[in-house]
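Using the sequences plus the hints, can you model the full thing?
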Amino acid sequence: MGKLSSLALGVVTAVGGFIDMGELVTCSQAGARYRYALLWTIVVGTLGIIVYSDTAGRVAIASGRSLFDVIRERLGFRLALLPLAGALLVNVLTLVIELAGMALVLQILTHLSYLWWYPLVALLIAAVLWFASFDFVENSASLLGLSILIFVVCALKLAPPWGEVARQAVLPQIPGGQGLAAYGFAAVSLIGAFMTPFETYFYSSGAIEERWDGGDIVINRVTATLGMGFGALIAVAMMVVAAQTFFPHGLQAGSFGGIRVPLVATLGDLGLVGFLLGAFFCTAGAALEVSLSTAYGACQFFGWDWGQSHKPKDAPVFTLWYLVVLLVAVAIGVTGIDPIKLTIYTTALAAFSLPFTFAPLLIVANDERYMGEQRNGALANVAGIFFLIVLTLVTLVTLPLFVLSGFGGG
Amino acid sequence: MMPLGHDVLDKEILDRDGFKGGKVDDLLLELREGERPVVRAILTQHGVLAALLGERTARLAARLRRAVLGSDDARPIAIGWEHVTRIDVAIHIDLDRAQAGLSRSERAVWDRWISHLPWAHR
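These protein sequence lines are chains A and B, in that order.
Heads up: the first sequence at position 19 corresponds to 19 in the numbering used here, and the numbers run straight through without jumps.
Heads up: the second sequence at position 98 corresponds to 98 in the numbering used here, and the numbers run straight through without jumps.
Please keep in mind that the hints were generated in silico from the structure rather than gathered at the bench.
Ideal Cβ positions, reconstructed from N, Cα and C, are used throughout, including at glycine.
Watch out, some of these pointers could steer you wrong.
What the hints assert, rightly or not - Which residues of chain A face chain B? A partial, calculated answer using Cβ under 8 Å:
(1) SER63
(2) ASP69
(3) ARG72
(4) GLY76
(5) PHE77
(6) GLY303
(7) ASP305
(8) LEU320
(9) GLY406
Unchecked claim - As a list, the in silico DMTMM-like pairs of lysine to aspartate or glutamate whose alpha-carbon atoms are at most 20 Å apart:
(10) A/LYS313 <-> B/ASP17
(11) A/LYS313 <-> B/ASP111
(12) A/LYS311 <-> A/GLU210
(13) A/LYS157 <-> A/ASP269
(14) A/LYS311 <-> A/GLU209
(15) A/LYS311 <-> B/GLU82
(16) A/LYS313 <-> B/ASP96
This is how it looks when you write it as structure tokens:
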């Protein structure tokens with residue numbers, strides 16, 4: 001017992017966290033505009049999130065300390081306020097777009113504006129968190145979210161030149177007439193979408209909540225790799241589908257509804273049903289995880305009791321946090337702010353913020369007093385430092401690219 | 001020997017049953033004429049952190065706390081240094097968190113907000 005459910009934790013993080021509103025929007029747009037020229041971001045982003053999750057999971061198991069717990073301990077209160085504030089901002093914006101994803105699916109189904117659905121889907125998320133246990137959240141979201149595999153079916157049916165796809169994943173060829181700054185900003189946004197920070201907070205907290213122990217280290221590594229790799233496969237399919245259908249005609253998946261067009265054209269009703277179910281439950285799973293992640297982060301930072309397995313009475317501050325965060329997200333969402341644009345900005349901001357949490361984590365992973373025998377080895381350090389450099393470069397170029405590309409629009 | 005800033009400050013406080021009781025937000029030193037300064041207590045919760053950020057932030061935080069917790073004139077909690085039993089990745093104390101007053105804000109949030117929501121008492 002425990003091993004299989006640990007693996008399930010990895011899969012739900014993959015489906016609900018890896019594939020969410022961020023991927024649905026950024027992958028479709030990238031494929032439509034740049035064909036296969038941004039596939040490399042999936043490779044970089046996936047390897048990055050595997051390294052990050054593996055480190056966070058190992059720290060959680062070895063020391064019993066969660067991510068924001070150790071961030072505050074290592075940086076001190078004042079300095080740690082920066083990553084905390086960044087994480088809260090990115091998480092709230094992420095929640096706004098995930099709820100928008102759920103509401104937009106309902107708009108397609110009912111033809112009623114997503115703004116009407118917005119408060120209702122938030123209420124649904126609040127109700128699930130209020131009543132359900134951690135296992136329920138985990139299993140239901142992951143199972144139903146698997147419908148998003150429809151993108152893989154569609155990609156296979158469209159039969160792209162796979163040799164070319166593989167080649168461009170390593171040696172990208174930017175289509176003519178596209179500005180470099182816009183291409184660069186799209187790349188930052190994609191990396192932020194693949195490495196969405198809440199996934200790691202959720203993963204680290206989940207490992208503590210499920211009481212993983214030293215024997216789970218291997219499971220942890222397998223989970224991180226399998227789960228994220230599984231998500232990457234779906235992301236490749238999403239980009240390829242848009243590249244095969246939108247790109248040749250110079251079209252854009254301009255709206256959320258537009259993302260389903262190639263699926264429906266290729267697979268008919270099956271494509272539509274798969275998209276609606278998959279998109280709804282992937283964004284719902286992500287909305288659940290990001291609400292919890294925000295409450296986890298704040299409680300770990302200030303030392304309050306936290307945990308989805310606690311009843312509201314046992315962790316009232318934790319409960320208050322996720323309810324307030326949902327309220328704030330609804331207040332932002334119902335203003336009618338463009339969910340597609342907000343998605344691109346949010347994932348770029350997420351990419352920008354990554355080194356601020358990853359750097360202290362890497363320091364703790366090397367601290368013997370926390371880690372004991374599970375301290376970072378040479379390989380983990382080479383990988384960790386390599387990604388820290390990559391992420392720092394991403395942080396440095398985000399703002400200049402944002403401005404040069406005409407605020408992401410290019 | 002261990003450095004206070006590195007090994008005590010900002011660590012989690014666990015009570016005698018292993019339950020969470022906040023973080024070590026600050027430390028209280030006793031200074032007496034002609035004697036060495038001694039660490040007397042751990043300070044936690046109710047404005048200790050906000051005080052570190054300056055007076056204006058402290059006032060703002062106090063107003064926010066009153067709004068959330070009710071008209072409570074809660075002051076920072078001091079846990080006598082003699083109650084610290086062990087220091088590892090957390091600070092272990094030999095008190096019960098409720099008795100030490102460490103659960104006061106959690107209880108206030110429950111009484112004032114969460115307990116009024118439907119099916120809160122299940």
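Comparing the hints with the structure gives:
no. : hint                  : verdict
1   : SER63                 : 5 Å, holds
2   : ASP69                 : 6 Å, holds
3   : ARG72                 : 5 Å, holds
4   : GLY76                 : 6 Å, holds
5   : PHE77                 : 6 Å, holds
6   : GLY303                : 4 Å, holds
7   : ASP305                : 5 Å, holds
8   : LEU320                : 5 Å, holds
9   : GLY406                : 37 Å, violated
10  : A/LYS313 <-> B/ASP17  : 18 Å, holds
11  : A/LYS313 <-> B/ASP111 : 9 Å, holds
12  : A/LYS311 <-> A/GLU210 : 16 Å, holds
13  : A/LYS157 <-> A/ASP269 : 15 Å, holds
14  : A/LYS311 <-> A/GLU209 : 13 Å, holds
15  : A/LYS311 <-> B/GLU82  : 33 Å, violated
16  : A/LYS313 <-> B/ASP96  : 18 Å, holds
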